[in-house]
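Chemist: The lines below spell out each chain.
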Amino acid sequence: MNNDHNVKLRLGNSELWGGLIGLALGGFVIWQGLKLKLGTINDPGSGYVLFYTGILMCVFAAAIIVSAVTEGGPTLASRWENARWTKPLLLIACLTAFSFALEPLGFLLSSIPLMLVLLRVIDPVRWTLAIPVAVLVPSGMWWVLKRLLLIQLPSGMFGIG
Amino acid sequence: MDTLANVAHGFGVALLPINLLYCFIGVFIGTLVGVLPGIGPISAMSLLLPVTLSGTPESGIIMMAGIYYGSMYGGSTTSILVNIPGEAASVVTCIDGHQMAKQGRAGPALGISAFGSFIAGTFALVALMLVAPKLAGIAIAFGPAEYFSLMVLGLVVLTFLTQGSMPKALLMACIGVVLGLIGLDSITAQPRLTFGRMELIDGIGLVPVVMGLFGVAEVLLNTEQVLKRDIINTKITQLLPNKADWQASAGPVARGTLLGFLLGILPGGGAVVASFASYALEKRLSKTPERFGHGAIEGVAGPESANNAAAGGAFIPLMTLGIPPNVVMALLLGAFVIHGLQPGPLLITQNPGLFWGIVASMYIGNLMLLVLNLPMIGMWVQLLKLPYNILFPLIILFTILGVYCSSNNVFDVYVMIAFGVIGYFMRKLGFEPAPLVLAFVLGPMMENNLRKSLILSQGDLWTFVQRPISATCLVFALVLLIAPLLPTLRRKRELVALDEGA
Amino acid sequence: MSRKILGKVFGTAMVAAGMLLSVAAHAQDYPTKPITLIVPWPAGGSTDISMRAIADSASKVLGQPIVIDNKAGGGGTVGPATMAAAAKPDGYTISQIPITVFRLPLMQEVSWDPAKDFTYIVHLTGYTFGVTTSAESQFKSWKDVIDFAKANPGKVTYATPGTGTSLHIGMEQIAAMSGIKLTQVPFKGGAETNAAVLGQHTMLQADSTGWRPLVDAGKLKLLMVWTGARSPNYPDVPTLKELGYPMVYDSPFGVAGPKGMDPKIVAKLHDAFKKAVEDPAVIATLAKYDMVPNYKNTEDYKKFVVEVTDSERKVIDTLGLAKK
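First to last, the sequence lines map onto chains S, Z and X.
Following this note's numbering from start to finish, the first sequence increments by one per residue and tops out at 172.
Following this note's numbering from start to finish, the second sequence increments by one per residue and tops out at 504.
Following this note's numbering from start to finish, the third sequence increments by one per residue and tops out at 423.
Extracted from the complex, chain S is given alone in its bound form (with noise of 0.2 Å):
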């Protein structure tokens, strides 16, 4: 392993990172653990086994942060070395615009314009068959789910889909 991505107590360490998120998120568990009440033990209350398994999870992050420290860990910039980070990140932001358009534009008019910009965005696949693959697939399986499985897909405003 080369050391330059092997840091200890450095902001770019991502165990680190990784670590601190967890201890975060043991936190707020413990906090809404108390807060939906932890009852007795003849009658354990609703915030019972959050409370615990919120300790635990502090446990489990405090080990990931203490070998973070004396072992070491690997940067933040090297997990994403030699990777082409800008296309996942495209591929969430389009996921992201979907999820904003499906219920108002419904399932056809979101879905077709996702296939074809995650067609051209991934690798790009040829015009001449990257348009029919968007167009006929989700055409072709709203076709079955709606009418032969009589499932509802989300229509939108326009009442399309």
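All clues stand as given, with none of them false.
So the derived list for chain X, only partly shown, Cβ under 8 Å to chain Z, looks like this: (1) P141; (2) I148; (3) R151; (4) T181; (5) A185; (6) T256; (7) K287; (8) A290; (9) N293; (10) H300.
Just the calculated beta-carbon pair ranges, DEER-fashion: (11) S/E82 with X/Q299: 50 to 56 Å; (12) S/K46 with X/G253: 24 to 30 Å; (13) Z/L34 with X/K358: 36 to 42 Å; (14) X/K401 with Z/L388: 55 to 61 Å; (15) X/A234 with Z/G166: 48 to 54 Å; (16) Z/K289 with S/L31: 37 to 43 Å.
Hints listed in this document are in silico derivations from the structure and should not be mistaken for laboratory results.
From the three backbone atoms N, C-alpha and C, an ideal C-beta is built for every residue, glycine too.
Starting from the known structure of chain S, fit chains Z and X onto it as the hints suggest.
Modeler: Same frame as chain S, but now just chains Z and X:
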């Protein structure tokens, strides 16, 4: 030899052309919904429940049962091919099944799951015929304390699912438990961690979580590699398991079958626990546990047999006590009652034709599934030759549709996309999703049963040790936890270190 | 091939545009697509199966399928609460309304207001409740339970399908009247309570008639029923009144939609469900669970909701279960 006469009578019913037809339709639909990610047997069976009203009770129930065990066959296909489990019971198949596919061994992986499922399904039926009434007791011997300890054992299995750091896996498991607890508390009817969102009152669905963490995250992870065409470029060498594969799989299939059948009788997460437990068992027994997670055929054969045997075992409490052990069986109970039949202790004596007919039809159905599935392996493997820049958008579309159809809820699509993004970053930071999923399923049951046991025992924690079944589960859990820590500790550490360095 | 599909898409777009223009005629056309009926109980239980039978019959009147959506949990409140919060009042999402929907708001903070958040459509039927024990149990009659509970306060455990269900409230009321203390263990639905009492994990089971096949087979003993008169299926089993508790518990239920539904749609649904509970096939299915149709029209149902809320408030106050 009453049984033999009964079985003969049963086959007489099952072999009627109309019943054969319904059986075929059932297993065919089952395979289809099993292969399609997201759409599971539950949605298919609830949709088709009214259809069964028209025919005789036998044909209706034969079809419903066919959908159920048919989907168990189909479920492994997507796990192996694209790393998206069709349901919780095939999550564990992803781990080694998909690795096998990446190495060009999708055929043997699919083959062994079909054969394993057939063997397990057949065994479960024979057992169902011979010992059903005797085993009915197992289902009711499990009270809250026993369930709690069984769930603890299930969670300990986690430690065998991890390849990397143990604290990370355990942290993931805790997060899984917490996610599972979201929603209305069934004991006090209080909303937990819902943040005022009504959609969360019902809790987060398993399907969107699994589809996000496995399906979407997998796609995100793969797109960042420039030319990772390993699935496509690897030569597919064989379509069916060879002799060496069979030798490696014989033990796992046998053990998985037995384990699955016994755990399947239990109401609750029987099939899920069985598949995870079988994986853990095989990894523990293996002389080369380091192969697990890198395409070990045992890691496919065991769990796939286990979840099919569990599907057979699940019929026992329904047929003998009228107690449905899972939602699918509850739907089947509904089908019985719609036809004016009440499954229970009297069903077998009052309605022998029906009971034995259904059991015999399941045997025929299993055979049909094998015949249906083997030729399809070649077709599925061809699917892997699709260029990934077309395959990935299709996977995303199918997961979106699958998630939506399983609940008819747009919120679940958001949940899936969110978990896709979370899953991507988790994997980038070296956190694995499988422990989270297992804990997500088992956590809420463990919590609920812990609280019920404590109410029953009036706060006495000894109840878990004093009850023999519960104590046995806890002892097993303890052994599983401690055993690997002792002699092999150093060797395992080194292996893990090697993995990380590579 | 692709041209065909494109044509289809274009055609669909035209149809959709046409639909937009005809929004005004919506209530007349209703229903134009399948209706979702939320059943807030697990699939296969007595409520689920009777609602499926009713829905099946009603869907024939409406000419559209009614899809059952099982959203169990919270003693049958999760389903209606989800509907009240998330569903559009277009008549395509309706829910079975168990009595817990009125009761739970009295016991704790909840997200819905039974008086405001629903459009009540029609009242349908009620359950037969009973208390059972394992055939191997030491209890031969309800008197044995009382005697044992007096000697061992809090030791008698009973399984219910959830906190705040009629079974829970009823048992607590019985205990208060007899001067004994019982311990409730809330399960999820009848399948679980059956297994619990059969395996003797709890001493008693209080539930609707899911126990019937087990009682018939002699694996469970029925100690009492909570109906007004003795059940025709079990003429030897005493009612609550006969045992000295002046109460009847049958937890009546009906169907409602989210608030703000078009009265024309409500009328169409009401008529369809009214026909359904008059259908002999439905009556036969209900009889399997010892249920009798208890029809109330939309107006009567609304009045009934107010009455039930008042009487429940009194019971819950006396039992000390009211929210603080």
